[in-house]
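Undergrad: With the hints as constraints, model all of the structure from the sequences given.
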Amino acid sequence: MTWIALIVVVLVLAAAVAVLALDNLIGAVVASSVVSLGVSVLFVVLLAPDVALTEAAVGAGLSGVVLALGLRRTGLWRLEGDRGGAHPLVPTQGQIGSASGARQGGQADA
Amino acid sequence: MRNLASLLFSLGLAFLLLAIAAQLGFGHTPMVVGSRILADAQSDIGAANIVTAVVFGYRGFDTLGELSILFAAATAAGLVLGHRRAGAPDDPQGGLVLSAGADLLFPLLLLVGIYIVIHGHLTPGGGFQGGVILAAAFFVSVIAKPALRLAHGAISVIEGLAGAAFILIGLWALVGDGSFLKPLLGHGVLGQLVSAGTMPLLSSAVGLKVGSELAGLLAHISESEAREP
Amino acid sequence: MMSLSLEAILYTGAIGLVVIGALGLVLSHHLFRMLLSLAVAEAGGNLLVVLAGYRGGAIAPILGYGAPGTPMVDPIPQALVLTAIVIGVGVQALAVAVLVRVYRAYGTLDLRDLVEHMQGDIAKAAGIPRSTSTHAPGGERPLPPVPALVRHQPRGGRS
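Residue numbers (the numbering used here), protein chains in the order written: chain A, 5 to 114; chain B, 2 to 230; chain C, 12 to 170.
Derived by calculation from the structure, the hints in this document are not laboratory data.
Quick caveat, the model's predicted, so the values are computed rather than measured.
One thing to keep in mind: the hints can contain errors.
According to the in silico footprint, chain C covers these stretches of chain B (three or more CB under 8 Å from chain C) [as the list claims (entries may be wrong)]:
| no. | stretch |
| --- | --- |
| 1 | 20-33 |
| 2 | 38-51 |
| 3 | 64-74 |
| 4 | 119-130 |
Partner residues are not named here, just some residues of chain B that face chain C (Cβ under 8 Å, in silico) [claimed, not checked]:
| no. | residue |
| --- | --- |
| 5 | 7 |
| 6 | 11 |
| 7 | 14 |
| 8 | 15 |
| 9 | 82 |
| 10 | 191 |
| 11 | 225 |
The beta carbon of each residue, even a glycine, is placed where N, CA and C say it ideally should be.
TA: As structure tokens, then:
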């Protein structure tokens, strides 16, 4: 039990330092999910199964999704499938026709 | 200068926390209230999972406070984000792995979530854990197929009804037995699914409320505008 | 190395997480990284509270798995931490919503740029010129002029 706790604590502290040190923001979000997952294992070592279940579901699951969604909405994390120009996910540099074009496209589909 | 001040602050914080930790006595907690609860939980509430008995029975009022905090956070986030953009169904579809996985995982996640909510008083689990898994079940399908918009009206109705059910069960306990949110309806046999009185009902209400609230919040963030139109 | 007890390891982990989270909150200048450091500090704090309820040689607080007389760990810190974890994710979701709105309004999430923009907006809304000193209040000085201050010419730039 001591060895498991030692390895997991080292992993957790390394991931916490990675949250501060990584330049890539989505990497920092993944590192915070790793911290939550490691802390959930430590809760099992401390004989708290309810808390471990909650921390695993919330910290490693939902919190990561919420933070990654926030990154996506602010445009700090773009994927290859995003269309350039008139797409609301990609911040445009003040082109007047692009925003209304996106809205027209949305209404045409709905 | 700023880094030196931050370093001193962190050293001071570590010293304060170490001073607290040295006083705690790891492994030999006094457990003044905890031992009474451990001794009396079976006769008072009749649930096998003592932590759930504390959350919904002994400290049920704190759970009501937590539900209001979650409600306030979800409502405030909805107010801050504003209206939903019209182009949300245009989002890029998830890849093959995400679409196939979402089709496969949705019924499994739903089943696991409902199991954890219903068995909260017997095994580790309860309303909050199951509610989070239910929210994830609905949200995975919304991410994979953005054209399937989440029905925000139905989600709000479910959330409101579940929260009202929690409060109504508590008021029924107030009218019937004299204390708000006291578990009613007899204890049953320890370890059976139908036991511990109204506590599984409270747990299910919390599970539905948390699940629908978080799913609605995630869908709202996902559909919000990115730049000023 | 062999004398590392479970207690020392877990306390190091919990206090280390809180301190790293607090350091990240103070040292970072990007709002999103501040939010992530707050999440790390919350995890450390919850671990510290559950550590306080541990009892050596006991079992988890669920009836029906051990002999009826075995000691169990304290269930109260676990109930409190369960609440705290769920509230933490609610607060993080609200913070993400606020960050999306800030980015929509100003186009950046860097704290230093945001301070410049916001001070400019506040000065414009109040109708006073933008002050360059971090100590002097904006606008006309309401009291009679002090001879010592009148003699020195105001210099530009931050102090």
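Undergrad: Each of the hints needs a verdict: does it hold here or not?
TA: Now for the hints, and whether the structure bears them out:
Given as covered by chain C, the stretch 20-33 of chain B passes the check, having 7 residues with a CB less than 8 Å from a CB of that chain where 3 are the minimum. Only when three residues or more bring their CB closer than 8 Å to a CB of chain C does the claim for the stretch 38-51 of chain B stand; here the count is 7, and the claim holds. Counting residues of the stretch 64-74 of chain B whose C-beta lies closer than 8 Å to any C-beta of chain C gives 5; at least three are required, and the coverage claim holds. Three residues within the 8 Å Cβ limit are the bar, and the stretch 119-130 of chain B against chain C gives 4, so the coverage statement holds.
Among the interface hints, the one on residue 7 of chain B holds; its C-beta lies about 5 Å from the nearest C-beta in chain C, closer than the 8 Å criterion. The restraint placing residue 11 of chain B at the interface with chain C holds, with a minimum CB-CB distance near 5 Å, inside the 8 Å limit. With a cut of 8 Å, the hint placing residue 14 of chain B at the interface with chain C holds, because the nearest CB-to-CB distance is about 6 Å. Because the beta carbon of residue 15 of chain B sits about 5 Å from the nearest beta carbon in chain C, less than 8 Å, this interface hint is met.
Because the closest C-beta pair between residue 82 of chain B and chain C is about 5 Å apart, less than 8 Å, the hint holds. Nearest Cβ of chain C to the Cβ of residue 191 of chain B: about 7 Å, under the 8 Å cut. The hint holds. Taking 8 Å as the C-beta cut-off, the interface hint given for residue 225 of chain B holds, the closest approach to chain C being about 6 Å.
In this structure, none of the earlier numbered hints is contradicted; all agree with it.
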